[in-house]
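Sequences are here, hints too, so could you generate the full structure?
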Amino acid sequence: MTAEKPEENQAAKTPSDQPDETARREFIAKAVSVFAGGAIVSVPIGVGVATLLGPAFKEGQGGIKIRLAALEDLPGDGSPKLYQVVAERKDAWTKYPQKPIGSVFLQKLEDGGVIAFNSSCPHAGCSVGFKSKEVGYYCPCHESIFLLDGSRGDPCVSPRGLDSLEVDKEKLLNGDVWVTFQNFAAGIEGKKAI
Amino acid sequence: MKRLLDWIDDRTGIASLTREALFERVPGGARWRYVWGSTLSFAIMVQFITGIFLWMAYSPSATTAWESVYYIQNEMSYGWLLRGIHHWTAQIMVILLLLHLVQVVIDSAYRAPREFNFWFGVILLFITLAISLTGYLLPWDQKGFWATKVATNLAGIVPFIGDDIQKVIIGGSDYGHHTLTRFFALHAGVLPGALVALIVVHIYLFRRHGITEAKPATRAGALYYWSLLGVVFGTLTALAFAFEENTKQWVPKIVCGVFLAILIRIGFLIRSGKDDDSATRPKRDGMFWPDQILKDAIACAAVMGAVLFFVFWKGTELTPPADPSQPYNAARPDWYFMSLFQMLKFSAFEGAFGLLIGAIFVPSILVTAIFIMPLMGQSKKGHWINVVMLYSLIGGFVILTAMGFNHDANDEEYKQGVLNAHAEAERLNELIDINGGIPPEGALTLLYKDPKIRGARLYAANCASCHPYGGEDGLGAKAKDPSAPDLKGVGSKKWIAGLLDHNRYVSEEYFGKTKFSKGKMARHLKDIDMLPEDIEVVSAALASEAKVYGYSLPEGGQDFIDSGFDLMFEDFECADCHGIQGEDEGSGPSLTGYMSRDWMIDFIGDPTHEKFYGKKNDRMPSFLGAKQEDGTMKAGELSRKEVELIVGWLREEWPRASE
Chain A
5 MTAEKPEENQ AAKTPSDQPD ETARREFIAK AVSVFAGGAI VSVPIGVGVA TLLGPAFKEG
65 QGGIKIRLAA LEDLPGDGSP KLYQVVAERK DAWTKYPQKP IGSVFLQKLE DGGVIAFNSS
125 CPHAGCSVGF KSKEVGYYCP CHESIFLLDG SRGDPCVSPR GLDSLEVDKE KLLNGDVWVT
185 FQNFAAGIEG KKAI
Chain B
201 MKRLLDWIDD RTGIASLTRE ALFERVPGGA RWRYVWGSTL SFAIMVQFIT GIFLWMAYSP
261 SATTAWESVY YIQNEMSYGW LLRGIHHWTA QIMVILLLLH LVQVVIDSAY RAPREFNFWF
321 GVILLFITLA ISLTGYLLPW DQKGFWATKV ATNLAGIVPF IGDDIQKVII GGSDYGHHTL
381 TRFFALHAGV LPGALVALIV VHIYLFRRHG ITEAKPATRA GALYYWSLLG VVFGTLTALA
441 FAFEENTKQW VPKIVCGVFL AILIRIGFLI RSGKDDDSAT RPKRDGMFWP DQILKDAIAC
501 AAVMGAVLFF VFWKGTELTP PADPSQPYNA ARPDWYFMSL FQMLKFSAFE GAFGLLIGAI
561 FVPSILVTAI FIMPLMGQSK KGHWINVVML YSLIGGFVIL TAMGFNHDAN DEEYKQGVLN
621 AHAEAERLNE LIDINGGIPP EGALTLLYKD PKIRGARLYA ANCASCHPYG GEDGLGAKAK
681 DPSAPDLKGV GSKKWIAGLL DHNRYVSEEY FGKTKFSKGK MARHLKDIDM LPEDIEVVSA
741 ALASEAKVYG YSLPEGGQDF IDSGFDLMFE DFECADCHGI QGEDEGSGPS LTGYMSRDWM
801 IDFIGDPTHE KFYGKKNDRM PSFLGAKQED GTMKAGELSR KEVELIVGWL REEWPRASE
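Protein chains in written order, with my numbering: chain A, 5 to 198; chain B, 201 to 859.
Bear in mind the hints are in silico, worked out from the structure with no lab data behind them. Glycine is no exception: its CB is placed at the ideal position from the N, C-alpha and C atoms. One or more of the hints may lead you astray.
To be verified - Some chain B residues judged to face chain A by a derived CB distance under 8 Å, without partners named: (1) F253; (2) W255; (3) A257; (4) L282; (5) V294; (6) G712.
This is the structure we're talking about:
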């Protein structure tokens with residue numbers, strides 16, 4: 005019952021009477037084996053990769069319009085104030101009714117208008133802080149400075165200035181600051197919503 | 201290029217390794233019967249691949265496990281296919297394992313020098329079963345939860361240390377987050393790791409000893425094996441018939457089918473005529489590559505085809521999320537544990553000691569019997585004992601499994617449990633769609649807030665003992681001994697019209713089994729003897745108060761409704777006893793806002809309130825509590841939320857996808 009059968013082993017090595025036919029058969033056998041083997045292994049791998057790559061083809065959840073403050077609450081001297089953005093958000097299967105999704109600097113302008121900046125640094129996504137009216141905004145990760153109007157200061161390794169967000173002018177007239185919150189791709193010159 | 205390959209080979213030895221792997225001698229040539237080990241390896245590989253991808257999306261905790269599996273199944277691109285392949289390959293893998301084991305025993309491949317490899321194989325079998333068992337829980341659905349609860353409770357009866365074992369397995373005394381993290385670590389880490397390590401040893405030993413060459417196929421030999429299998433199966437079938445009390449219900453179709461198939465095979469063998477003991481297949485040896493690999497690849501393709509067939513045909517079930525408070529009548533282990541499950545129903549295993557015997561000792565003895573097979577099988581007689589034992593084991597496995605499934609097929613409670621689970625799962629999917637996602641507290645909260653599901657459950661538990669719902673209990677089971685009005689369609693024009701028909705009022709459909717069947721209203725209905733057209737208009741008026749789901753103005757519009765109220769006030773003197781449209785509250789139940797949402801909540805809350813039956817109430821409990829004669833409040837059995845859910849369900853007011 006063991007595998008040791010030398011005489012049969014010899015038989016396996018005996019050349020066939022029809023070498024061409026044997027070679028052809030062997031080639032077909034090899035080809036079919038490789039093809040069938042590859043095909044069946046590619047099923048689980050292919051399906052798995054398809055699930056893995058799924059997110060790449062999904063759209064982001066887009067901007068969200070949200071009331072952040074009353075106009076009168078903003079500092080009158082034009083220095084920025086940071087507001088947390090809490091909104092309904094879906095995280096895979098979970099729908100959070102109130103989920104912190106980012107933060108926004110609001111600045112009252114002299115003409116009564118308001119400008120808003122996403123606090124995420126356009127360089128690599130660190131959280132930008134406000135230093136002083138003289139220095140402006142400062143990102144502690146790669147030591148970039150942004151001026152009060154959001155433009156690049158010196159030094160600044162970021163490819164673009166802070167990302168401004170749309171402020172609803174009509175609602176502003178009623179004293180409410182509504183902002184369309186949106187995140188943008190970091191590390192590129194253009195402002196690309198994600 | 202060649203130089204690069206040579207360099208890689210020189211440093212790694214990969215070419216010689218590949219050569220060694222591929223150019224294995226296959227004694228007697230490539231054969232179909234050698235494919236089982238390879239198909240099994242292939243199935244395990246598929247499980248590893250799909251398992252790792254599932255891992256990337258699965259989240260093991262009591263509030264996210266079901267939810268993440270739901271997400272895989274319903275929202276991830278091709279997630280249903282990924283999970284389907286993983287699930288169905290697991291099923292087929294168990295069959296392949298059994299085939300592999302049977303073949304090893306029949307071909308006496310456990311004999312010296314292969315004893316250790318047999319033992320490793322048996323351990324691999326149990327590791328695979330353990331992986332299946334742990335995987336069954338991971339979706340954290342009703343099916344997996346209850347089955348695992350049974351399995352882990354059985355682990356708890358092991359003498360002396362059972363309690364501790366159980367607590368260690370489930371990560372505490374309750375099932376929850378740590379049960380899942382532990383099962384997941386076992387399922388995806390510990391057990392697969394052990395599996396790989398043992399497979400490496402298994403294949404190394406297999407290569408060391410070579411393929412066990414099957415004896416040259418002879419008709420006499422085959423006849424011998426098949427006849428033996430037939431005798432064992434025949435005996436077991438006969439035993440099953442003899443010991444099964446309810447033979448009418450008990451038709452072990454699968455067993456009879458297997459037995460018949462064996463007989464047919466024997467018949468063919470006998471018919472095949474002259475003794476063809478001169479071997480029919482070439483004695484020339486073959487090579488693993490490509491001869492055997494071709495056959496292996498085709499067999500693996502067939503396995504994959506079968507898996508995909510089941511994925512597309514049957515889909516992959518996900519029952520509602522685990523809920524320890526919600527009994528699940530369809531709790532069953534996966535089919536390969538069904539035989540053990542069924543065995544525990546026998547009266548021989550009754551009581552704590554019986555359970556210990558049935559759940560621990562008997563399986564342990566069977567496992568020991570399998571383990572000592574190589575020692576037994578050194579002699580020819582021992583080998584035959586092994587073969588008979590294995591056939592008996594498999595026969596017992598098949599028969600018990602068939603008995604289990606047969607029992608379920610005839611068990612109304614089980615069938616209803618499955619139907620309800622499917623309906624609830626479907627409803628939950630709808631609720632998630634409506635909600636736009638799952639709340640952070642988990643999907644179960646959606647079911648708990650849903651009048652359609654929870655209302656029906658509460659009705660079945662609290663109302664159905666008196667009030668049937670379309671003759672049922674609200675969950676599909678037949679109502680037992682109803683004694684109060686059937687509330688299906690309550691508040692609808694049709695239901696109210698039935699109430700106004702004297703004959704129906706005093707029938708069991710409405711108040712036939714209450715004291716109201718001989719009450720004032722019954723007598724009054726008989727006296728006034730309303731014409732069908734009167735009933736039509738009065739019921740339309742009352743239905744306009746109720747406005748249950750689907751209500752719309754009658755053809756005659758508001759005038760038609762007003763004429764109904766006129767009839768009630770004037771011709772039929774309803775206002776003598778009932779308050780109508782806010783006027784003249786009387787001794788009978790108020791008809792102001794009759795069967796509206798608030799009316800129903802108040803009524804169920806306290807029918808003894810003077811607005812309703814007052815002291816004339818017949819047995820109906822005050823579910824939200826009632827003021828007693830001494831002025832104190834008696835607490836009710838339900839909360840306001842629960843009563844609202846029941847009312848929402850009765851009025852069919854639940855969220856719908858189109859709204």
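Status of the hints after comparison with the structure:
{"no.": "1", "hint": "F253", "verdict": "holds, 3 Å"}
{"no.": "2", "hint": "W255", "verdict": "violated, 10 Å"}
{"no.": "3", "hint": "A257", "verdict": "holds, 7 Å"}
{"no.": "4", "hint": "L282", "verdict": "holds, 5 Å"}
{"no.": "5", "hint": "V294", "verdict": "violated, 18 Å"}
{"no.": "6", "hint": "G712", "verdict": "violated, 49 Å"}
Going down the numbered hints, you'll see the structure goes against 2, 5, 6, while the others check out.
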